[in-house]
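A.B. asks: With the hints as constraints, model all of the structure from the sequences given.
Letter by letter, the chains look like this.
Number of protein chains: 2
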Amino acid sequence: MFQTFDETTRPETGPNRLATLRAELDREGLDGFIVPRADAHQGEYVAPRDDRLAWLTGFTGSAGYCVALRDRAGVFADGRYRVQVRAQVGDVFSPVDWPEVGLADWIAEALPEGGTVGFDPWLHPVEQLRALQAKLPDVALQRVDNLVDRVWEDQPDPPLGAVFAQPENLAGAPHGEKIAQLAEGMEADVAVLTLPDSLAWLLNIRGSDIPRNPVPHGFAFLHAEGRVTLYMAAEKLANLGDHLGDIVTVQPPDAFVPALQALSGSVQIDPATCPVAVTDALSACDIIEAMDPCVLPKARKNAAELAGARDAHLRDGAAMVHFLAWLDAQDPDTLTEIDVVTALEAERRGTNALRDISFDTIAGAGPNGAIVHYRVNETTNRKLAKGELLLVDSGGQYVDGTTDITRTIALGEVGTEEKDAFTRVLKGMIAMSRLHWPAGMAGRDLDAVARVSLWEAGLDYGHGTGHGVGSYLCVHEGPQRLARTGTVPLEPGMMLSNEPGFYREGAYGIRLENLIAVEEAPPLPGQTIKSLLRFKTLTFVPLDLRLILPELLTGPERAWLNAYHAEVEAKIGPLVKGAARDWLSQACRAI
Amino acid sequence: MFQTFDETTRPETGPNRLATLRAELDREGLDGFIVPRADAHQGEYVAPRDDRLAWLTGFTGSAGYCVALRDRAGVFADGRYRVQVRAQVGDVFSPVDWPEVGLADWIAEALPEGGTVGFDPWLHPVEQLRALQAKLPDVALQRVDNLVDRVWEDQPDPPLGAVFAQPENLAGAPHGEKIAQLAEGMEADVAVLTLPDSLAWLLNIRGSDIPRNPVPHGFAFLHAEGRVTLYMAAEKLANLGDHLGDIVTVQPPDAFVPALQALSGSVQIDPATCPVAVTDALSACDIIEAMDPCVLPKARKNAAELAGARDAHLRDGAAMVHFLAWLDAQDPDTLTEIDVVTALEAERRGTNALRDISFDTIAGAGPNGAIVHYRVNETTNRKLAKGELLLVDSGGQYVDGTTDITRTIALGEVGTEEKDAFTRVLKGMIAMSRLHWPAGMAGRDLDAVARVSLWEAGLDYGHGTGHGVGSYLCVHEGPQRLARTGTVPLEPGMMLSNEPGFYREGAYGIRLENLIAVEEAPPLPGQTIKSLLRFKTLTFVPLDLRLILPELLTGPERAWLNAYHAEVEAKIGPLVKGAARDWLSQACRAI
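Residue numbers (the numbering used here), protein chains in the order written: chain F, 1 to 591; chain X, 592 to 1182.
Calculated from the structure, these hints are not laboratory results.
The structure displayed is predicted, hence computed values, not measured ones.
No incorrect hints appear here.
Among chain F residues calculated to face chain X with C-beta under 8 angstroms, some are:
1) E417
2) L435
3) P438
4) D445
5) L446
6) A448
7) W455
8) A457
9) D460
10) G526
Note that beta-carbon positions come from the ideal geometry of N, C-alpha and C, so glycine has one too.
C.D. replies: What follows is the structure, encoded as structure tokens:
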């Protein structure tokens, strides 16, 4: 079992840990110290060693900060974690509604006369520090060794997870080819890579330093002459054999800073993610700020990656169908959310191909479904009940692809209000699935299309319609997004989620999610749009027909739904047996 | 008749005029001079005196530039005018596809060694010069008196159009109240106003210095203590009586620059529209750059302005219905586009309330309908023909409101392709008309909603879905737009056009346009969106049922169409008589 359910919060440890940290403030002559959730690689998951925010405050959200001053300590949590943070941190911490209240706003108010606030230059990207300093003209932001690391006695060591080669038939291109192509387009002499999934994609490797995301921690130089220097512990690379080849030179992690200091000429960094400590060490160079050169090519999946995604989704779809068929055969009153998570993970493990789950399964029954990033533990674990909805958002990491799927299931007969909202969410998902658009549009230009039916009823969801997805990499991968913050034009090969929802606080939650990939649409007669794009659906799992009000669907929407279910049955039917096969036929009937 | 149809192009005058301008370059030691279409007020229309671009080059588009160098002269025209500019300018000018090729790109290529290019500081806004200079590090951009004015022997004088008071019952608030409200929110000591429609709105006046837009040329200071200094020729104000009152001090235009030079303290200007000459004169001040303070309050129409708009649209709708009924009774083969324009203007004049047309009527028959900004003249005038489409985009300026309406009409039986495209355009217009959305969305977040049905067929239109509209002011008014460039959140009271289209080059054009106003939607049961907005339709004129393929409409779309036509008949029926009344009933029948 990958997922665990223990309650990790220990509010009682907070006061003492905060007091020892404050003693370090005194020692350094600082008025405060910033503890972000982030590590040096700015990912969604951190290794135990880097979980400083949770260690200090008890708050286990996947984003946030603590700003520890001498007389107060703010814990910054976003909308997803407003309830959670209040339950997890003790009285010595003050929860702050972030980003409505920014770090700078709060610090400026807490230190009206100004002061000196320390930060660890490895944990803050260049742009973040720049924005913070611009808003705090009277506060000196001072680089210091991490004060939490000084007082955290049993802090774990950095992870040494094994690295594996990603087979070329799945990666779609040898890493030498990728390196050569990127090098050709480079303006700088060297690009510094700090994102683990950039390293993984570029070198066709996968790692196991953090949960859920199969990436190795490390740094690299991409040289314009077409070679790479990789800063990574040699013991992690034992399984690789000669995979990396002559084109890649491996150096130990502690050689990274001296190597940065020794660089001259022009060096490219991505200011959105590159730690301040890196640019600090580049004092002898012309720094060019640009997007990490791996990000866009990684986002545009090649034919092998798309084929792998299709295979992974069929395998994962069959596991989902087994799970859904099993669930429908149970009496809801005998099950809890943890039972649901456990059963689903067992089905995925049963494929014998599961490397990890792609994130902790969200299984929210009744009102828990309305908590968008709900993660069940022994304390919150809720019994299922007839007449309620169950929202299950989950995914698997397979060597050929990363999946992410949400289904909302009726437990017995539910009310018309829930069906009306479900049908509107479905109409949004179908609208996005059927959409064609001229090349050049970004996510922000298209996001509303999935919301029109909900808006018509005065309803909405407080998250984007979709996020980018990696290819046996991070389930949340940029730069493309189907959201108002998505400014990157969608290009063929980009994979995204399509996941509109609706949440009635304290009552129920609805979300439907398929993964989709951008592709060129076949030419239409009379077409005037030069490059017409559309989405191809990757996920094949039934949508709960018991929750649909058919009279709310238009003819084309109903046709899409019936065609989708026919395709689900045709593709997944051969992969499931017995009761699940019968259940699938029934679940895929035309309406 | 407001509209004229003469061909104003004289390509033969170009060479001589360009030669005399180049003699001035020699005299000033310049390598070039920039001649924009714009005047000092950055509006869409210019007075004859300011029509320097047309005088020099022959090009009569409503936007563009000429950059006259010693050895070449580029005329910059956007997508609307690519064909026109080539027909209008002689061989001594080189048409440039702008903005694909920017001014800076072209100048940099033409002057690879750098050089000195002159410009008139009254005709270029602060931001424009800043952007141009940033892109031309090797070129000195030098302020000079306008060189065209020196060589244009019979250049007209500045306009002295009469100014009239806008009645308070139509403006909705006395100008003293508007001034007091703006003054209260001011950060600077003085805001310099350079936009004629800002002056008109703020002081409840209308002018007649330029065609189509009832605004007076002038400048003003808005003082933080709640008074205004207006720089405008006294002879224009003879009709005003004591309308302006003690709160407004009138000064002659030539007092403006000395007054700028005499200012001290903080002065607010809008860098997007304020001439460079203004900030040049403000050397003793702290300049605060911010949006013209009139722009947003002017865009949010008050109850009186919205009531006026409704009245104006009913009056204008009745004129349109008379025109459409008349047109349907004619044999198309006996009519030309000019006949159409003339008949329509006659109907509007017949209301006895028409102050001006709000722009030159676009009446495009057959392939001319595909020219988005087509304006018929004696040379292009096309005969109507059975089996073709006729696109008519027109509007009226009434004292209570500005109208703008487009209808596309079948002349006899047309093909299925045209009907399919018409129905998709209609679906887009209906989608926008039915849309509800949470407050905070800008035009760019919503624009796609009107395009989905066209995109589905590989079709699109190369313009925004809608522009802001003034209240007996400019028919194109910012800052709100329904377009990918629309970044200002839509607020209750904002008026916009809703005008999707489709253009098959060389064959036909389709556009449908209603004006709409943003309003709070009535609360819905179970609504979770805090502030739910929608559009209220202002335009009531039938949409041509002969061009609709009913099977392409969904139930809710058909219901909207039938309800719209029922409302058209109920509202406009009482205002039309005889054959037009019968025509209206038939045109508004339910489908």
